[in-house]
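Q: One letter stands for each residue in the lines below.
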Amino acid sequence: MKKNLVIATAITGLLASAAIGFTSVSANAAATAAGNLPTLTKGVLTIGTDDPAYSPWFDNNTPSDGKGFESAVAYAVAKQLGYPASKVKWVKAAFNTVIQPGKKAFDFDINEVSITPDRAKAVDFSTGYYDVAQAIVTTTKSKIAKAKSIADLVNAKLGAQVGTTSYSTITDIVKPKVKPSVFDTNDVATQALINGQIDGLVVDLPTAFYIADAELKNGLIVGQFAPEAGSDQFGLVLTKGSALTSTVSAAVDALRANGTLKAIAAKWLGGTAGAPVLK
Amino acid sequence: MSYSPSAMRIAREEARRRVSRRSTLIALISTVVIGSVLVIVVTGAPGFALVRQSFFNWHYAKKSFPTVLSGLWLNLRVMIVAEIFVLIFGLLIALARTSHSPILYPVRLLATIYTDIFRGLPLLLVLFLVGLGVPGLQISWLTNSAVILGTVSLILTYSAYVAEVIRAGIEAVNPAQRMAARALGLTQSQTQRHVILPQALRKVTPPLLNDLVSLQKDSGLISVLGAIDAIRAAGINTAESFNFTPYVVAGALFVALTIPLTRFTDWLTRKQDRARVQQGQW
Chain F
1 MKKNLVIATA ITGLLASAAI GFTSVSANAA ATAAGNLPTL TKGVLTIGTD DPAYSPWFDN
61 NTPSDGKGFE SAVAYAVAKQ LGYPASKVKW VKAAFNTVIQ PGKKAFDFDI NEVSITPDRA
121 KAVDFSTGYY DVAQAIVTTT KSKIAKAKSI ADLVNAKLGA QVGTTSYSTI TDIVKPKVKP
181 SVFDTNDVAT QALINGQIDG LVVDLPTAFY IADAELKNGL IVGQFAPEAG SDQFGLVLTK
241 GSALTSTVSA AVDALRANGT LKAIAAKWLG GTAGAPVLK
Chain X
1001 MSYSPSAMRI AREEARRRVS RRSTLIALIS TVVIGSVLVI VVTGAPGFAL VRQSFFNWHY
1061 AKKSFPTVLS GLWLNLRVMI VAEIFVLIFG LLIALARTSH SPILYPVRLL ATIYTDIFRG
1121 LPLLLVLFLV GLGVPGLQIS WLTNSAVILG TVSLILTYSA YVAEVIRAGI EAVNPAQRMA
1181 ARALGLTQSQ TQRHVILPQA LRKVTPPLLN DLVSLQKDSG LISVLGAIDA IRAAGINTAE
1241 SFNFTPYVVA GALFVALTIP LTRFTDWLTR KQDRARVQQG QW
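Respectively, the protein sequence lines represent chains F and X. Take the first sequence: its position 169, counting from 1, is numbered 169 in the working numbering, and each next residue is one higher. Take the second sequence: its position 160, counting from 1, is numbered 1160 in the working numbering, and each next residue is one higher.
Just so you know, the hints here were simulated from the structure itself, not pulled from any lab data.
Simulated pairs of lysine-lysine, DSSO-like, Cα-Cα distance not exceeding 30 Å: (1) F:LYS177 - X:LYS1062; (2) X:LYS1217 - F:LYS92; (3) X:LYS1217 - F:LYS177; (4) F:LYS179 - F:LYS146; (5) F:LYS217 - F:LYS146; (6) F:LYS42 - F:LYS103; (7) F:LYS240 - X:LYS1063; (8) F:LYS89 - F:LYS267; (9) F:LYS92 - F:LYS121; (10) F:LYS103 - X:LYS1062; (11) F:LYS79 - F:LYS103; (12) F:LYS92 - F:LYS67; (13) F:LYS279 - F:LYS143; (14) F:LYS92 - F:LYS79; (15) F:LYS217 - F:LYS143; (16) X:LYS1063 - F:LYS175; (17) F:LYS177 - F:LYS148; (18) X:LYS1063 - F:LYS177; (19) F:LYS79 - F:LYS240; (20) F:LYS121 - X:LYS1062; (21) X:LYS1062 - X:LYS1217; (22) F:LYS175 - X:LYS1062; (23) F:LYS179 - X:LYS1063; (24) X:LYS1217 - F:LYS179; (25) F:LYS89 - F:LYS121; (26) X:LYS1063 - F:LYS103; (27) F:LYS121 - X:LYS1063; (28) F:LYS179 - X:LYS1062; (29) F:LYS240 - X:LYS1062; (30) F:LYS92 - F:LYS240; (31) F:LYS262 - F:LYS240; (32) F:LYS79 - F:LYS67; (33) F:LYS148 - F:LYS279.
A quick note: this is a predicted structure, and the numbers were derived from the prediction, not measured.
Could you put the whole structure together from the sequences, leaning on the hints where they help?
A: Shown next, in the form of structure tokens:
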């Protein structure tokens, strides 16, 4: 058993280095060898995400329809690994079960999880599949509706979802004088924004556009926080020390190199350009 | 003439000491055996290193302690304010429910409906309704502070529980007490104040304090409205590091907070029992 694992790790390592070295050609080689990876259930790739799964990352809370950015990315990664859509199984994985110690119920999880060095001590991350910027949403009635700079935000009561880099954006970059509010979900946070209990809500940029357009009647995006290139990336989450990590990372790298990730982002996160940058 | 115990008594006391020594020894051995088995089972588990790393990590415990502690300060303020109001409202509702006057029938009815509804409604739902629904009404003079509205929700829910506990106490007082008090010329309200309530409250002190301890823990639920209490502060820390130690820190602080109250309850109960034995009230 242990021996098999060692061999599998060695093979995946080789495949990974090959894939990184020669991009598309060797990535195809990885794809043909695959369908045979040491997954939870042999021949099936089990992917986890939270329930509910939010737009625009997923569509209609149905991860298995291939619609929405992350659903599309998940199927692209699966295909790259040699698993057609019919061999992909989705499981619900709440945030706490994703970060818990020990074996997970999925081969990888895709749920807008930002990669940080601290987190990487507890779980494995694939390479990033999306460079994310944080943005601030509000309503036209709010006192920060006309804010132009970070300095205009320091007296505002801001909110964010727990467990997100959005919250660290508030505490590390905005450093407001009023204690921020923290919510379990963006749904509750959005309701608090509508009620005027918070002046603004910090979320990632695509979610900001979704909330401003689809969930708020008079929503607007105050602006985005200048992203340092590659500073905040979403990664796929795997069990710490998983035999799949390097293979999955290689697949993500291949998809970035051949432009697939860009195309998927353009399709599902299309109109996210054009938010002014707050300084 | 000096007292010297009989041979029989000396033998009896010696026998008692022997029994007591043996009990202590057995208790000691049993504790050590069960303790070691637990330690071996837990530390010998294949995932123990992993669990220790993610739940009992000194580095993250130290790192999260200041924020968790400042969160606990919010819990503390919320629980104290809520406890005061809960005791007042609970008492008033219990009095309303146990009133007999026909003119108070509507009050009785209202009190009954209130306890039925708020004992049945999950606290989380009350929190959402009050904490997000009330500000949604956009009444300008009304607060929309998550902390205040969350505390109000706690008071609404726990007043219903406490009212029922106090009512049970009032009804447990023997009716003869009321009659005797009335026969002595006390008015209805004097009877209530000097005869019924003192006995009723004494009877229900332990369950009452039980509810207050429960309230202390539930004070953390107001975090669903956005306030950062100890548990939420722990959650934020956990999300940053994917390490659960901050929750354990918060748990330890909560236990430290409730132990004085539970010990106080035990002490009070023992004291009452002793008093009752002395008064021959068993």
